[in-house]
Amino acid sequence: MTLLRAENLTKRFVSRGPLGARAEFTAVDRVSFDVRLGETLAVVGESGSGKSTTARMIAKLMDPTEGRLEFEGEDVTTAKGAALARFRSGVQVVFQDPFSSLNPRHTVERILMAPLLYQGIAPKGGRRAHAKELMERVGLNPDHSLRYPAQFSGGQAQRIGIARALAVNPKLVICDEAVSALDVSVQAQVIELLRRLQHESGFSYVFIAHDLAVVRQIAQRVAVMSKGRIVELGPTGQVFGDPQEEYTRTLLAAIPRINPEWDRRRRENS
Amino acid sequence: MARYVAGRLAGVVLILFLVCLFTFIIFFTLSPDPAVMICGKTCTPERIDQIRDVLGLNQPLVTQFLGFLTGIFAGRDYGSGANLIHCSAPCLGYSFQTNQSVWDMVVERLPVSATVAIGAAVLWLLVGILAGLLSAVKEGTWWDRTAMGLALGGSSVPNYVLALALQYVLVVQLQVLPFPQAVAFGDDPVLWFQSYLMPWIVLATGYACLYARLTRANVIDTLAENFMRTARSKGLSPALTMRRHALRPALTPIATIFGMDFAALLGGALITETVFGLNGVGKMAADSIAKNDQPVIMAVTLLAAFFVVVGNVVVDLVYTRLDPRVRITTP
Amino acid sequence: MSELLEVEDLTVTFRTTRGPVDVVKGVSFTVAGDETVGIVGESGSGKSMTSLAIMGLLPKGARTAGSIRLNGAELLGRPDRELRRLRGDQLSMIFQDPLSSLNPYYTVGLQIEEMYRAHRGGTRKAARQVAIAALGQVGLPEPERRVDHYPHQFSGGQRQRVMIAMALVCEPALLIADEPTTALDVTVQAQILRLLADLRRQSGTGMVFITHDLAVISSIATRVLVMRRGEQVEYGTAEQVFAEPRHDYTRMLLESIPRIDDEVEEMTA
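Chains as they are written, first to last, in the working numbering: chain A, 46 to 315; chain B, 36 to 366; chain C, 7 to 275.
Source of the hints: derived by calculation from the structure; they are not laboratory data. You can trust all of the hints, since none of them are fake.
Here are the simulated distance ranges between beta carbons:
hint, chain 1, residue 1, chain 2, residue 2, range
1, C, G83, B, L275, 23 to 31 Å
2, A, S145, C, R21, 24 to 32 Å
3, C, G83, B, V206, 54 to 62 Å
Quick reminder that beta carbons are idealized off the backbone N, C-alpha and C, glycines included.
Build the full structure now, drawing on both the sequences and the hints.
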């Protein structure tokens, strides 16, 4: 079942240079894809590929210049008011930098209760208990619910960001470079958490990333973007195992790899 | 670039027109009847009518405004017949108080204000930037804390307090300076300098304190930049590292702020000029407001607006020269 | 193999309001004249502080103990005046973010020239020719034209090439590269890594390569030092560290890295 459908999404930016020169730049050029219920679709690309702009458009944090966005069969391209509120309770975003996307002056509890207040949701047992429950689900100690974001490590703060996204029980979570800023050991744990949460609740991810190896761990399908367009879209194994496009091949070839011979020996030893 | 400059100049003209319009509306409609004011105590209704006729005050407001604008660019005639007075361009009208041509008054007083502004600017740039630099380099030391404490205090002392205190100490008590007099540089350079010294100090103090703090903050920020680490890793001498790599990035924003501050000062330093009895544009503004001398009020308002608006454009143009990231946008 | 750089029991201490904190605790390693040693660690491991200690560029208030010898001569405790003569000439460094590491107010040519002239003297004209040659050597097209461009006129990868050209202009004995490819796209990273390896081989410069990315290290380093919270966890040849890691932390790191070529277990969709 299709949860979200992007049709020919296009974003053009018009900039005025400091000397008055007008320049138009197409950041995203007629991008179309579906997100199915329960799947993880990764959007990968290098800087300037348009992947983050695409993420912002499907999260409705930015309006497309052209194109159409459907969520659960409903056209939400120009949704406002109640329709937008409904969309927001169905689609949530986890951002790259947890510290700048969480209010430093609010306790974790308050951060996790806020989405419910905005949406007017009153969970059984109260919002406070719900917040603690969320903390537990993302592997944080619920006794720390009155702490501030700065009192957590980077990985823990990102768990708060994930818990905040899950507070309204969304159907789609957009992860915009959600693990890119983390150390590899922490990154592995957060990826594992994201997989587990999806397994438990059955929501979908759109996973925006520049790191193809990370995408490999989590996505069933992958869209490769370059210069504002999707150059290749297909099942992860197929795109990575047998890329059809020259650009995808270049990208895959450029990824640094640990000497496979050394890796094999290490695995045999352990 | 040419298109940009043309656009900006068109903006300047538009803003000045709007300033004209609004000051005209405010001063010529909301304030008391100028004819009555000019007429004075021994006044007859006939005399008032005559004055109104000469000044064109009984014409519609739009006509009066157009007359004012025409006067600036082409000159204008006041009254008719035997009472006809021609005021050649640039005509800003005549003072209600002294009947002097306002343009002549401005021309006479502008050099005084410019002298005050330039002298003060030299002083505050020297003192402010040097103090700020020293504070930045010696961040956290005894010198830094003292200088910044003084700067904070100095910028909160009102100019008239400082002016009176200086006069009392230097002129009355210690008698190291004569009381300021209006004297031309050519006549007595020493007395000229002595006369302007206190106004310069008074005006420069607040700015120097502000610039010291700005400079300190900018230099400290710049010293923490990654390119400063690169400069050190290259083995450049500390002098070159400081002069080339830290100063230009740190002082560029200050140059732009300076341009605006200086332009605003050319429009007259109201309090300082008044306290020291200097016949500059600022004192002219204060006097005209006190006596409701509308043509003069119009002129000083326009003049100040002119300097601020033009100063702004000049600052933006200079900035494009100072920062290559703005000048060259093509990769 | 003669040792170019010998770091012995290096400790870096910061004074903080909560008392002294050791950010580097007793690190020892050597770099031969013609090899690349990788220092790998996560954030807060002390890898960057180690490199700044070698350059003598630690922040004010940092105290060092131990020994850092370049060609047998002790660097620690030398007055800054003497270290300055070595920096840029014998020891050079490139950084993570090439845009902020170059001064935006000056052309790249001037920034290369000033470094060359600080150590070799000569006229601006002569230094300019050296700068053009250096830019050409790092594969920038049209170096005669590009020498007069400002940093913001280059792409991220080109800027790092400029940094490399600058770092190598005095033919240093040792190049320290601190996360030089972390801010770059993966395709650009591959080009820069190849360039660094080629130039290093041609010039016979020793290199210390600092990164958080084990895969990058495996492709460029002959020896690897693994750091964690200021401590040296593991030190050995790249082959030994990657194939037979002795420490649990190294093993954990190696297992954490997502691998592009692995078969991933099927996920329920």
